[in-house]
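Chemist: Please model the entire structure based on the sequences and the hints provided.
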Amino acid sequence: MDIVQIALQVIVVVTSLFLVLLILMHKGQGGGLSDMFGGGVSSSLGGSSVAQRNLDRLTIVVGLVWALCIVGLGLVARFS
Amino acid sequence: MLTAFGRAFKTPELRNKILFTLGVMALFRLGSQLPTPGISYSLVQHCQKGATGSGQSLLGLANLFSGGALLQLSVFALGIMPYITSSIIVQLLTVVIPRFEELKKEGQSGQTKMTQYTRYLTIGLALLQSSTLVAVVRARPSTLIGGSSSSCPTVMPNNDLLHVAIMVLVLTAGTGLIMWLGEQVTEHGVGNGMSLLILTAIAARVPGSVWAIHDRGWGTFLLVLAIGLAIIVAVVFVENSYRMIPVQYAKRMIGRRMYGGTSTYIPLKVNMANVIPIIFASSLIALPMMVAQYMQPQNGKPAPGWVIWVTNNLAQGDSKSYMLIYTVLVLFFTFFYVQITYQPDEVADNLKQAGSFIPGVRAGKATAQYLAYVLNRITVVGAIYLSVLALIPLVALGIVGANTNFPFGGASIIILVGVGLETVKQIDSKLQQHHYEGFLQ
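In the order they appear, the protein sequences are chains A and B. Take the working numbering: the final residue in the first sequence is number 80, and no numbers are missing along the way. Take the working numbering: the final residue in the second sequence is number 521, and no numbers are missing along the way.
Because the hints were derived from the structure by calculation, they are not lab data. Even glycine gets a Cβ: it sits at the ideal position worked out from N, Cα and C. Keep in mind that the hints are not guaranteed to be accurate.
[Said to hold, decoys possible] Chain A is nowhere near these chain B residues, computed Cβ spacing over 10 Å in every case:
(1) Phe-89
(2) Ile-203
(3) Ala-253
(4) Tyr-345
(5) Met-369
(6) Gly-440
(7) Gln-449
[Stated by the list, open to error] Stretch by stretch, here's where chain B covers chain A in the computed footprint (C-beta under 8 Å, at least three residues):
(8) 11 to 19
(9) 54 to 66
[Said to hold, decoys possible] Here are the simulated EDC-like pairs of lysine to aspartate or glutamate, each with C-alpha atoms no more than 20 Å apart in a straight line:
(10) B:Lys-445 to B:Glu-426
(11) A:Lys-27 to B:Glu-267
(12) B:Lys-97 to A:Asp-56
Modeler: Below, the structure is given as structure tokens:
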């Protein structure tokens, strides 16, 4: 069980770092505070570029792996 | 109204957007229940059982915005708070730093750059806050979760440095993920993603806190529900109130065609500052309490006078001095925030450039003065409205003994109603694009 736990921890650390990096590489959406709490009507501009879409896919995959590892770690902690 | 709902779901584009938004909200709630690795869920549960809810006012707002995730120490424990904080900081910096002011005037591209700064700052703040959170949990979990230090010695089975580092990383990544989810909703869903996630977090707590009132008997419960409904109606009314300032466009001949000559309005919202003054005031009033907690002498010595005063008067929301200070802070921040965000000079400039004017007022400086005058008067009403709303949970705390997260007042209700209205309006405008009748008549 120890090996599984260590492996999962390593993956979690790597994916966490990767996830933060990927998210920071995205182009930001929305426009600050007044946008958040009902300022003017924000206009969304068309579709996103191919690069952004690939980045999205990568983020989803990394996010899934990250979430699964955390669930796995929880299970290991619960049943060991 | 109901047929409009049906139509919204019959339009494939809109249906996908709404379903996407709901899916992201569900994901957000799921993540709020997922415990962070290194935290023992059963130990947290054990500690919460012994908690009396005393230390909640300290973390009230942060916990409110995380939808209870903070007290469960889940992967989304920090919630949307770091993003809000960094938005506030960037917003305030536009006044202080000339470079930011330039960016703001640049329009779309400058706004994108500022959003980018906000995102970097969010990750930085998330790192900082998660370290603090983990450090507190490691040393004294009882201050966070509640209960006594004897019944709740620790919630971390392994508290060596490696596990602590992993927790900090996971919490930071979780905050980043929330930010990204919010942006995805803004892009592919309906409404503003960030505010919808805040709405989700707050709405998740409403049933629980309303049900808690039922302990006081059915009469009180029904009374509170009725008052709550009345408050919601009042809030919807005020949120939709505008002062319409008429604007007349000058007629112009360009080539052989006549342009302009139409008349429109500049809408000035009564509650222009929205929920932000309440957020500012709540965070600021929690500060002395936080300092006092650290100044509490360990070895039985009497505490300094001001520490005693702070713990007596500022710890609980139902003391008179707390209410007074809170009200003054809300009033102040309403004016402060409106001053920062709405610049009459700019609006007057834009009007002049568009060849339009307010009837009876000269263009340029006189217009700016007129706008500032109207704005000041309307903000008085807005500020009073906000401070009354902010006091509702505190009064409720005194009368029916509700907890600080009382749903029918303060920041919660403005966010719930404001974000809800905004989202419905957006769905409405999307429906109109498809030539259907909307929700709002």
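Chemist: None of the hints should be skipped; say for each whether it holds.
Modeler: A quick look at each hint next to the structure:
no. : hint                   : verdict
1   : Phe-89                 : holds, 21 Å
2   : Ile-203                : violated, 6 Å
3   : Ala-253                : violated, 4 Å
4   : Tyr-345                : holds, 14 Å
5   : Met-369                : holds, 25 Å
6   : Gly-440                : holds, 26 Å
7   : Gln-449                : holds, 23 Å
8   : 11 to 19               : holds (count 6)
9   : 54 to 66               : holds (count 4)
10  : B:Lys-445 to B:Glu-426 : holds, 10 Å
11  : A:Lys-27 to B:Glu-267  : holds, 11 Å
12  : B:Lys-97 to A:Asp-56   : holds, 17 Å
Going through the hint list in order, the structure does not satisfy hints 2 and 3.
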